[in-house]
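2 protein chains.
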Amino acid sequence: MPVTSREVHLVRRPDGAPVAEDFAMVMTEVPEPGAGEVRVRNLLMSVDPAMRPRMSVGQALNEAMMGGAIGRVEASRNPAFKEGALVSNRFGFREAFVSDGKGLSPVRDVAGVPLEAHMNALGGPGFTAYGGLLRIGALKDGEQVFVSTAAGAVGAVASQIAKIKGCYVVGSTGSDDKVRWLKDVAGLDAAFNYKAAPVRQQLRELAPKGVDVYFDNVGGDHLDAALASMNLLGRVAVCGMISGYNEAGARTNVRNLSNIIYGRINLRGFTAADFMDLRDEFQSNMADWLRDGRVKTHETVYRGIENAAAAMVDLMAGANLGKMLVRLAD
Amino acid sequence: MPVTSREVHLVRRPDGAPVAEDFAMVMTEVPEPGAGEVRVRNLLMSVDPAMRPRMSVGQALNEAMMGGAIGRVEASRNPAFKEGALVSNRFGFREAFVSDGKGLSPVRDVAGVPLEAHMNALGGPGFTAYGGLLRIGALKDGEQVFVSTAAGAVGAVASQIAKIKGCYVVGSTGSDDKVRWLKDVAGLDAAFNYKAAPVRQQLRELAPKGVDVYFDNVGGDHLDAALASMNLLGRVAVCGMISGYNEAGARTNVRNLSNIIYGRINLRGFTAADFMDLRDEFQSNMADWLRDGRVKTHETVYRGIENAAAAMVDLMAGANLGKMLVRLAD
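Chains as they are written, first to last, in the working numbering: chain A, 59 to 388; chain B, 59 to 388.
Read the hints as simulated data drawn from the structure, not as lab findings. Each hint should be verified, as a subset may be incorrect.
Intra- or inter-copy, both count: the list cannot distinguish identical chains.
25 Å max Cα-Cα, derived SDA-like pairs, lysine to any residue [unchecked claim]: (1) Lys-267 x Thr-329; (2) Lys-267 x Gly-116; (3) Lys-160 x Tyr-320; (4) Lys-198 x Gly-92; (5) Lys-267 x Phe-139; (6) Lys-267 x Asp-332; (7) Lys-267 x Ala-93; (8) Lys-160 x Ala-118; (9) Lys-267 x Gly-351; (10) Lys-221 x Val-61; (11) Lys-223 x Leu-290; (12) Lys-267 x Arg-112; (13) Lys-267 x Ala-331; (14) Lys-160 x Asn-343; (15) Lys-253 x Leu-264; (16) Lys-241 x Gly-92; (17) Lys-223 x Glu-132; (18) Lys-140 x Val-165; (19) Lys-223 x Arg-262.
Could you build the full structure based on these sequences and the hints that come with them?
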């Protein structure tokens with residue numbers, strides 16, 4: 059029996075920040091799986107800042123948005139996937155879909171860890187933070203670290219890994235509530251609201267010994283401020299530049315770049331593809347850290363695919379604390 | 059007997075491009091060397107783009123400019139330095155000086171190589187090009203390479219090392235004459251005059267396979283153009299950002315920086331301090347390359363300290379081909 063699935067399509071390219079009218083909900087029919095196929099019902103889907111540049115270039119119009127999700131196999135004619143199994147997939151923004159199994163991977167059960175963690179600290183955001191900080195940023199124990207969007211999914215994990223490594227950690231975020239969370243829950247040494255005063259001034263005050271590693275999720279004024287505070291031989295691990303994502307062509311103005319010459323600074327853009335060899339080590343360490351409470355995470359969870367577009371709009375406005383997810387089914 | 063020496067002082071901080079009035083010639087008396095001291099008469103001095111940011115910050119006013127030079131010991135009461143020996147030093151912009159020997163190093167005689175080469179391909183510019191390209195840029199044989207200010211001292215050597223390594227090399231420079239030199243003498247695959255059309259457009263046409271390594275001496279529009287052409291896992295070795303040196307605070311606008319994320323680009327500022335371990339290897343290789351004509355160099359040589367300030371002004375206006383030097387004595 060075919061089932062119905064609601065999908066969120068991108069119907070026009072956002073002009074600046076995305077708005078509800080850039081998206082449309084479309085009802086589709088999902089057939090029974092054919093030979094070698096499975097039908098998956100999504101349970102949780104990710105809403106991620108990196109989706110914003112793809113809305114300008116890459117994401118097809120009038121098709122379902124691409125994005126990470128975890129679903130349950132509800133019908134299978136593929137021996138590799140049993141009915142009832144949980145699979146992570148790149149077919150978010152839809153309730154159900156049929157697949158030949160390519161791009162589906164089993165979700166490992168980790169005792170004591172909720173499903174949400176697999177899309178947060180134990181999933182892509184956590185892995186990005188882990189490899190970005192330790193491999194790309196070449197973090198050494200006890201260094202001076204600055205993390206932007208420190209209360210976001212990747213930033214929160216990066217900040218706490220740096221704390222585990224004995225570093226002095228300053229985080230920036232967009233509200234006083236998030237500043238409190240960073241200091242009181244995540245245990246950062248210092249945190250500031252970037253809307254309250256110029257980033258450069260706040261960073262200089264809160265990082266009096268300068269910055270050895272800057273984990274950049276923002277670009278723009280944050281990167282400029284970090285470059286003005288970087289210590290000799292400092293490293294900038296560039297994970298994202300959300301400050302430019304709503305501008306035409308995802309452009310970012312940075313003026314202090316020449317500081318990298320005499321500071322002998324290494325500025326390196328990366329994706330998780332740069333350190334896939336760390337995958338097992340990461341999963342083992344992070345599962346331990348989550349269980350013993352050394353990494354604390356937070357998710358902002360909207361319910362129902364009818365709220366997926368709103369989650370994207372609100373994410374880009376900074377409404378989330380931690381990972382932004384949409385729960386599609388239980 | 060004391061001797062007289064003329065020195066070039068910085069008397070005010072340049073507002074934009076340096077002009078003759080920013081400098082003054084001052085006559086000084088240089089005493090006989092005391093115990094442990096030597097008196098050096100400079101023969102050749104360097105004029106370098108990196109001096110421009112120091113004129114805004116670092117170089118004291120109403121003192122002789124600092125800069126590299128090669129001189130001859132003309133009186134010695136220090137057994138480490140014989141009279142007549144050639145020594146490289148950081149006391150350019152003056153005809154003679156007394157030193158206790160600190161910061162003086164002997165110039166190794168290299169058969170078949172003129173003294174000028176020790177301040178060009180065999181000296182600081184050549185070493186900066188060598189380590190910057192091979193260590194910082196991690197150049198691999200046969201890659202696609204872009205070098206800015208390719209007809210300048212560092213750029214000309216970097217371009218030709220890349221050719222020796224079997225790379226496809228595109229250079230940018232500021233006049234049609236220099237374009238011809240790069241193609242006809244230095245043997246680059248392509249070269250363009252950045253004043254003739256937008257850098258981004260010319261680079262895209264002349265580097266149809268993209269850029270794996272960009273050796274940056276310019277920043278600004280050149281770096282932006284390179285970022286738009288960089289291949290996956292490309293490297294940018296940032297040696298200088300001359301485009302910003304005449305602006306307040308040596309600032310540079312770069313807008314395409316977010317390209318480094320998905321391109322997984324490594325952008326690294328450096329000085330020769332990053333690869334001092336390559337010194338012997340460099341000197342041996344470069345002496346060979348100069349002797350067998352695989353590296354061709356050019357110097358623009360002004361005569362007399364009375365023309366040192368003009369050399370600085372003209373360098374920043376791009377009047378030089380190759381290394382800018384001032385010959386102070388024979």
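Do the hints match the structure? See the list:
Taking identical chains as interchangeable, the C-alpha atoms of Lys-267 and Thr-329 lie at most 25 Å apart only when they sit on different chains, with a minimum of 23 Å there against 29 Å within one chain. When the C-alpha separation of Lys-267 and Gly-116 is checked against a cutoff of 25 Å, the pair qualifies only between copies, where the shortest distance is 21 Å, while the shortest distance within a copy is 41 Å. Proximity of Lys-160 to Tyr-320 under the C-alpha cut-off of 25 Å is restricted to the inter-copy arrangement: shortest distance 23 Å between copies versus 48 Å within a copy. When the C-alpha separation of Lys-198 and Gly-92 is checked against a cutoff of 25 Å, the pair qualifies neither within a copy, at 52 Å, nor between copies, at 48 Å.
Proximity of Lys-267 to Phe-139 under the C-alpha cut-off of 25 Å is found in neither arrangement, the shortest distances being 53 Å within a copy and 42 Å between copies. Proximity of Lys-267 and Asp-332 under a CA criterion of 25 Å is satisfied inter-copy only: 22 Å between copies versus 30 Å inside one chain copy. In this homomeric assembly, Lys-267 and Ala-93 never come within 25 Å of each other (Cα to Cα): the closest approach is 62 Å inside a single copy and 43 Å across copies. In the homo-oligomer, the alpha carbons of Lys-160 and Ala-118 lie at most 25 Å apart inside one protomer (20 Å), although the nearest pairing across protomers, at 66 Å, exceeds that limit.
When the C-alpha separation of Lys-267 and Gly-351 is checked against a cutoff of 25 Å, the pair qualifies neither within a copy, at 28 Å, nor between copies, at 49 Å. Taking the shortest Cα distances, Lys-221 and Val-61 never come within 25 Å of each other, neither inside one copy (48 Å) nor across copies (62 Å). In this assembly of identical chains, the alpha carbons of Lys-223 and Leu-290 lie at most 25 Å apart only when taken from the same copy (20 Å versus 31 Å across copies). Taking CA atoms no more than 25 Å apart as the test, Lys-267 paired with Arg-112 passes between copies only; the shortest distance there is 24 Å, against 38 Å inside one copy.
In the homo-oligomer, the alpha carbons of Lys-267 and Ala-331 lie at most 25 Å apart only across protomers (23 Å), although the nearest pairing inside one protomer, at 32 Å, exceeds that limit. Taking the closest pair of Cα atoms, Lys-160 and Asn-343 never come within 25 Å of each other, the shortest separation being 28 Å inside a single copy and 52 Å across copies. Taking the shortest alpha-carbon separations for Lys-253 and Leu-264, only the intra-copy value of 15 Å comes in at or below 25 Å, while the best inter-copy value is 44 Å. In this homomeric assembly, Lys-241 and Gly-92 never come within 25 Å of each other (Cα to Cα): the closest approach is 52 Å inside a single copy and 62 Å across copies.
For the homomeric pair Lys-223 and Glu-132, neither the shortest alpha-carbon distance inside one copy (42 Å) nor that between copies (57 Å) is at most 25 Å. Taking the shortest Cα distances, Lys-140 and Val-165 sit within 25 Å of each other inside one copy (13 Å), while across copies they are farther apart (76 Å). Proximity of Lys-223 to Arg-262 under the C-alpha cut-off of 25 Å is restricted to the intra-copy arrangement: shortest distance 22 Å within a copy versus 44 Å between copies.
Violation of the numbered hints given earlier is confined to hints 4, 5, 7, 9, 10, 14, 16 and 17; the remaining hints are satisfied by the structure.
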